[in-house]
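Enquirer: Spelled out from the first residue to the last, the chains are:
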Amino acid sequence: MTISTGNSANNQYGESMKPTGRSSDQGPTAEEYMLPSAQPVQLVDPSGEHIHNDRYPLPDGEALLSAYEKLVVGRRINDQANALVRQGRMAVYPSSHGQEACQVAAAVVLEKDDWLFPTYRDTVAVITRGVDPLGVLTLLRGDWHSGYDPYEYKTATQATPLATQLLHAVGVAHAAKLRGENTVVLALCGDGATSEGDFHEALNFAAVFHVPVVFLVQNNEYAISVPLKHQTVAPSLAHKAIGYGMPGERVDGNDLAAMLSVLGKAVDRARDGGGPALVEAHTYRMQAHTNADDPSRYRPQSDVDEWVPKDPITRMRTYLGNLNLLTAEEEQRIAGAAEETASTLRDGLNSEPEINPADLFEYVYTEKTSQLREQAALLADELSREGA
Amino acid sequence: MTDTAVRSGSAEKAAGNPRTGLQPLTFAKALNTALADAMEADPSVIIFGEDVGPLGGVFRITDGLTARFGEERCFDTPLAEAGIMGMAVGMAMNGMRPVVEMQFDAFAYPAFEQVVSHVAKMPNRTKGKVKLPLVMRIPYAGGIGGVEHHCDSSESYYAHTPGLTVLAPATVRDAYLMLRDAIRFPDPVVFLEPKKLYWTKETLDLDELRKEADDAATAGSTVGRAVVARSGTDATLIAYGPSVPTALAAAEAAASEGRSLEVIDVRSLVPFDDETVTASVRKTGRAVVIAEAPGFASVAAEIVARVQERCFNSLAAPVRRVTGFDIPYPAPKLEHFFLPSVDRILDTVDELQWEDA
Numbered sequence: 001m002t003i004s005t006g007n008s009a010n011n012q013y014g015e016s017m018k019p020t021g022r023s024s025d026q027g028p029t030a031e032e033y034m035l036p037s038a039q040p041v042q043l044v045d046p047s048g049e050h051i052h053n054d055r056y057p058l059p060d061g062e063a064l065l066s067a068y069e070k071l072v073v074g075r076r077i078n079d080q081a082n083a084l085v086r087q088g089r090m091a092v093y094p095s096s097h098g099q100e101a102c103q104v105a106a107a108v109v110l111e112k113d114d115w116l117f118p119t120y121r122d123t124v125a126v127i128t129r130g131v132d133p134l135g136v137l138t139l140l141r142g143d144w145h146s147g148y149d150p151y152e153y154k155t156a157t158q159a160t161p162l163a164t165q166l167l168h169a170v171g172v173a174h175a176a177k178l179r180g181e182n183t184v185v186l187a188l189c190g191d192g193a194t195s196e197g198d199f200h201e202a203l204n205f206a207a208v209f210h211v212p213v214v215f216l217v218q219n220n221e222y223a224i225s226v227p228l229k230h231q232t233v234a235p236s237l238a239h240k241a242i243g244y245g246m247p248g249e250r251v252d253g254n255d256l257a258a259m260l261s262v263l264g265k266a267v268d269r270a271r272d273g274g275g276p277a278l279v280e281a282h283t284y285r286m287q288a289h290t291n292a293d294d295p296s297r298y299r300p301q302s303d304v305d306e307w308v309p310k311d312p313i314t315r316m317r318t319y320l321g322n323l324n325l326l327t328a329e330e331e332q333r334i335a336g337a338a339e340e341t342a343s344t345l346r347d348g349l350n351s352e353p354e355i356n357p358a359d360l361f362e363y364v365y366t367e368k369t370s371q372l373r374e375q376a377a378l379l380a381d382e383l384s385r386e387g388a
Numbered sequence: 389m390t391d392t393a394v395r396s397g398s399a400e401k402a403a404g405n406p407r408t409g410l411q412p413l414t415f416a417k418a419l420n421t422a423l424a425d426a427m428e429a430d431p432s433v434i435i436f437g438e439d440v441g442p443l444g445g446v447f448r449i450t451d452g453l454t455a456r457f458g459e460e461r462c463f464d465t466p467l468a469e470a471g472i473m474g475m476a477v478g479m480a481m482n483g484m485r486p487v488v489e490m491q492f493d494a495f496a497y498p499a500f501e502q503v504v505s506h507v508a509k510m511p512n513r514t515k516g517k518v519k520l521p522l523v524m525r526i527p528y529a530g531g532i533g534g535v536e537h538h539c540d541s542s543e544s545y546y547a548h549t550p551g552l553t554v555l556a557p558a559t560v561r562d563a564y565l566m567l568r569d570a571i572r573f574p575d576p577v578v579f580l581e582p583k584k585l586y587w588t589k590e591t592l593d594l595d596e597l598r599k600e601a602d603d604a605a606t607a608g609s610t611v612g613r614a615v616v617a618r619s620g621t622d623a624t625l626i627a628y629g630p631s632v633p634t635a636l637a638a639a640e641a642a643a644s645e646g647r648s649l650e651v652i653d654v655r656s657l658v659p660f661d662d663e664t665v666t667a668s669v670r671k672t673g674r675a676v677v678i679a680e681a682p683g684f685a686s687v688a689a690e691i692v693a694r695v696q697e698r699c700f701n702s703l704a705a706p707v708r709r710v711t712g713f714d715i716p717y718p719a720p721k722l723e724h725f726f727l728p729s730v731d732r733i734l735d736t737v738d739e740l741q742w743e744d745a
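First to last, the protein sequences are chains A and B. Going by my numbering, the first sequence opens with residue 1, and the numbers climb by one from there. Going by my numbering, the second sequence opens with residue 389, and the numbers climb by one from there.
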C-alpha cells in the first residue's frame with residue numbers, strides 16, 4: 001500500500017488503510033509500514049553527532065537553529081515558572097524540564113491553521129505556538145481555568161483529565177475533513193494517559209474515520225510516581241498503534257532533530273490524506289511531577305543522573321556548534337531572547353490578577369438562567385455590604 | 389390529548405419522504421421529523437452514534453436520515469460512548485452541530501466523564517470563547533419491560549452538573565418543538581426521550597408545527613418554560629417526561645371524584661421554570677411532585693425544596709413526592725411495583741390535609 005493516499009480524504013471510514021488483499025508489489029505491507037523502528041529514531045546522538053537514517057532526513061541547519069532557540073527559551077520558561085511557584089506567584093507548575101524538544105517540535109511542525117491539543121504539562125508547546133505566556137500560565141496561577149482564546153492560535157485549552165482531549169482532537173479533525181479543510185490536528189498526552197479508555201477510543205475512532213490526527217505520546221517514564229512498567233507490558237507504546245490499524249513510531253524525545261523529522265513526516269502524511277499516526281517520544285521527566293510531589297520516594301537520583309548527558313539542549317548546541325551554525329554571538333542573542341520571555345513572565349505574574357466576582361456567573365450558559373441571576377444578585381449584595 | 393401507546397408498524401416510513409398537513413404522528417416520528425427538518429435547515433447539523441445509520445436507531449428515531457442526507461451527516465460509530473461524546477465535543481468546537489444518540493440511558497455512563505468534565509465545562513473554562521452547541525439524545529426511563537441497564541432515570545446526574553441544559557418532552561408536539569429548539573440552542577443540551585412514550589400518537593398539523601418551530605419569536609421558547617398541561621384548583625401535580633401522562637390520568641380520575649387537580653409539565657429540568665410552578669402552587673395551595681427516578685437526592689427532591697421555599701405561606705400541606713423507590717431499576721416483571729402509579733398519586737393527594745378528610 002502507498003503511504004500517502006490523497007484520494008482517501010472523502011472516505012467516511014478508513015477503507016484505504018485496510019491491508020487485506022494487498023500484495024507486496026504495491027509497496028510496503030501494512031505490517032511493515034506500521035511497525036515502529038526497533039530502536040527509537042535518533043538523528044543527533046547525545047555527543048552531538050549526526051546519525052544517518054534512510055527514512056527520516058535531518059532538518060536543515062536553519063530550521064534546527066530556529067528550533068534550538070525555542071528550546072533554550074522553553075528551558076528558561078520552565079526554570080522561571082518553577083521559581084514563581086516557590087515565590088507563591090503560581091499555585092502549581094508541572095515542569096517539562098528535559099522534555100523541551102518534544103514540546104518545541106509539537107508546535108513547530110504545525111501550520112497556522114492546524115490545531116494543537118496540549119495537556120497541563122505542555123506549557124512550553126503552547127507558548128512556542130505563539131500564545132501569550134501570561135495567558136498560558138493563567139490556569140496555573142489560578143485566576144481562571146484558561147487564559148487564552150483557543151481559536152486565536154488554534155490551540156485547545158490545556159487538558160487536566162488524562163486522554164479526554166484526544167477525542168476532541170479527533171472531532172476537530174473529523175469536522176475539518178468533512179468540510180474539506182486541509183487541517184491537521186496534533187494531540188499530546190503522556191505515558192500514563194495511554195492506560196485510559198479515552199486513549200483507546202480516540203485512536204480507534206481516528207483510524208476508523210481515517211482523520212488527520214497525529215498522536216504524540218511523551219513517554220517520560222513516570223505517571224506521577226508510577227513507572228512505565230506498571231502502565232503497560234507492551235513492547236513499546238508506539239506498538240499500540242498496530243492494533244488500531246495505524247502506523248506507530250518511536251523517537252528519541254530528547255533529540256530535537258529526530259522529533260522534528262518524525263513528527264513532520266507524520267503531519268505531512270496526515271495532511272496528504274494518509275490518516276492518523278502515533279508517535280512515542282522517549283524522554284524523561286527530570287523534575288518532580290509538580291511542586292507537590294516528592295520524587296525521592298519513587299525513583300533513585302542515580303536514574304535521573306543517567307539522563308543528564310542526554311539533555312536535548314546540550315546535544316543540539318554541540319551539533320550546531322560543530323557546524324559553526326551556532327556562534328558565541330548567536331548564543332548570546334538567544335540567551336537574551338530567553339531572558340526577555342522570562343522577564344515578561346515575571347512582570348505579568350508579579351502583578352496581581354484582576355478578579356471580577358461577577359465572572360463566576362458569566363460563562364456557565366450563553367444566557368444566565370433565572371437561578372444564576374438570583375445567585376449573582378446575592379453575591380453582589382454580599383459584596384456591596386462588605387464594601388459599605 | 390395522547391392516545392394509548394400503539395406500536396406503529398411498517399407504515400412509519402423514512403424521513404426521506406417528509407409528510408405534511410394534519411395527521412396522526414407518533415412521538416418517535418415527531419423526533420425523526422425534527423431531526424430531518426433540522427438537518428435540512430442547517431448543513432452543520434450532523435448525527436452519529438451506535439446503529440443510527442442504515443438501521444435508523446434501535447428505536448428508529450434516525451430512520452431514513454442516512455438515505456436522505458448521506459453517510460457523512462448521519463453515521464454509525466464504533467461502540468464507544470466516551471468516543472461518541474468526545475468526538476462530538478471536537479466537532480462542535482470546529483463548526484458542527486452534533487446530535488448524538490446514546491442508545492439507552494444506562495449505556496451513556498461511559499460518556500459521563502466527557503459530559504461532566506468537558507461538555508459542561510468547556511464554555512466556562514474558555515470564558516465563553518468555545519461554545520458547544522451539541523445535543524446528547526438519551527432514550528430514557530422505564531415502563532417498556534426492558535431488562536436491566538435499559539430503564540434508568542438518569543436525569544439527576546445531568547441536572548446536578550452546571551453548564552448542562554436538560555430537557556424532557558412529554559407530548560408528541562413537544563417532542564418535535566423541543567428537539568428543534570435543542571438543536572438550535574447555543575449550549576450543550578441533554579435531551580431525555582421517555583422510551584415508553586415513543587409510540588404515543590397525537591394528530592397534529594405538521595405544517596403549523598414547522599411554522600411554529602421556524603418562527604424566530606417562538607424559537608427556543610421551550611427551554612426553561614414549564615406549561616400547564618391541565619388546569620385545576622385544588623392541588624398541583626408537578627411532573628415531567630414519562631410521568632406526565634400518569635399525572636394527567638390521575639387528574640382525570642380525581643375529577644370524577646370531585647377533586648380538581650392542576651398538572652404542570654416541567655419540560656425543562658435545567659433551566660427550571662420557578663415562575664410557572666410557583667404560580668400554580670400559590671393558586672392551589674397543595675403540591676405533589678411525580679417522577680420515575682429514585683426520590684433520594686433527585687430532581688423531584690429539588691422541586692419540592694424550591695416549592696417549599698417559595699410558596700410556604702400559601703401551602704395548606706407539606707409538598708409531597710411520588711417517585712421510584714431508592715433501588716436499582718427493577719426487573720421487568722417487578723417494574724409496575726416501582727413506577728409511580730395513578731393510585732399511588734391519588735393516595736398521596738388524599739393525604740394533603742384536606743378539611744373534609
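Keep in mind that the hints were calculated from the coordinates and are not lab data. Take these hints with a grain of salt, some might be off.
[Said to hold, decoys possible] Some chain B residues near chain A, calculated using beta-carbon distances under 10 Å:
| no. | residue |
| --- | --- |
| 1 | Gly471 |
| 2 | Met473 |
| 3 | Ala476 |
| 4 | Gly551 |
| 5 | Arg618 |
| 6 | Glu663 |
| 7 | Ala667 |
| 8 | Ala689 |
[What the hints assert, rightly or not] Only pairs whose alpha carbons sit at most 30 Å apart, straight line, appear in this in silico BS3-like list of lysine-lysine:
| no. | chain 1 | residue 1 | chain 2 | residue 2 |
| --- | --- | --- | --- | --- |
| 9 | A | Lys368 | B | Lys589 |
| 10 | B | Lys515 | A | Lys368 |
| 11 | A | Lys154 | B | Lys589 |
| 12 | A | Lys368 | B | Lys721 |
| 13 | B | Lys721 | B | Lys599 |
| 14 | B | Lys721 | A | Lys154 |
| 15 | B | Lys589 | A | Lys112 |
| 16 | B | Lys509 | A | Lys154 |
| 17 | B | Lys671 | A | Lys112 |
| 18 | B | Lys599 | A | Lys368 |
| 19 | A | Lys368 | B | Lys519 |
| 20 | B | Lys519 | B | Lys509 |
| 21 | A | Lys154 | B | Lys517 |
| 22 | A | Lys112 | B | Lys509 |
| 23 | A | Lys154 | A | Lys368 |
| 24 | A | Lys112 | B | Lys519 |
| 25 | B | Lys599 | B | Lys589 |
| 26 | A | Lys310 | A | Lys229 |
| 27 | A | Lys112 | A | Lys154 |
| 28 | B | Lys519 | B | Lys599 |
| 29 | B | Lys517 | A | Lys368 |
None of the values given here were measured: they were computed from a predicted structure. All C-beta atoms, glycine included, are put in the ideal place defined by N, C-alpha and C.
Enquirer: Decide if the proposed pair is consistent with the structure: B/Lys515 and A/Lys368, CA atoms, cutoff 30 Å inclusive.
Expert: Holds, at roughly 14 Å.
Enquirer: For A/Lys112 and A/Lys154, compute the direct alpha-carbon distance and say whether it is at most 30 Å.
Expert: holds, 8 Å
Enquirer: Decide if the proposed pair is consistent with the structure: A/Lys154 and A/Lys368, CA atoms, cutoff 30 Å inclusive.
Expert: Distance ~28 Å between A/Lys154 and A/Lys368 Cα, so the pair holds.
Enquirer: Please verify that hint: B/Ala476, Cβ, nearest Cβ of chain A, below 10 Å or not.
Expert: holds, 6 Å
Enquirer: Holds or violated: are the alpha carbons of B/Lys599 and B/Lys589 at most 30 Å from each other?
Expert: holds, 20 Å
Enquirer: Holds or violated: is there a CB of chain A closer than 10 Å to the CB of B/Met473?
Expert: holds, 8 Å
Enquirer: Is it true that the CA of B/Lys519 sits at most 30 Å from the CA of B/Lys509?
Expert: Satisfied, since the Cα-Cα distance of roughly 10 Å is no more than 30 Å.
Enquirer: A closest beta-carbon separation below 10 Å is what the hint needs, so does B/Gly551 meet it against chain A?
Expert: At 6 Å from the nearest chain A Cβ, B/Gly551 passes the 10 Å test, so the hint holds.
Enquirer: Is the straight-line distance between the alpha-carbon of B/Lys517 and that of A/Lys368 30 Å or less?
Expert: holds, 16 Å
Enquirer: Given B/Ala667 was flagged as interface, is its beta-carbon under 10 Å from a beta-carbon of chain A?
Expert: violated, 13 Å
Enquirer: Just to be careful, I want the Cα atoms of A/Lys368 and B/Lys721 compared with a cutoff of 30 Å; is the pair within it?
Expert: The given pair, whose Cα atoms are some 44 Å apart, is violated under the 30 Å limit.
Enquirer: Next pair to validate is B/Lys589 with A/Lys112; report whether the Cα-Cα distance is within 30 Å.
Expert: Violated, at roughly 53 Å.
Hint check: violations occur at hints 5, 7, 8, 9, 11, 12, 13, 14, 15, 17; the rest are consistent with the structure.
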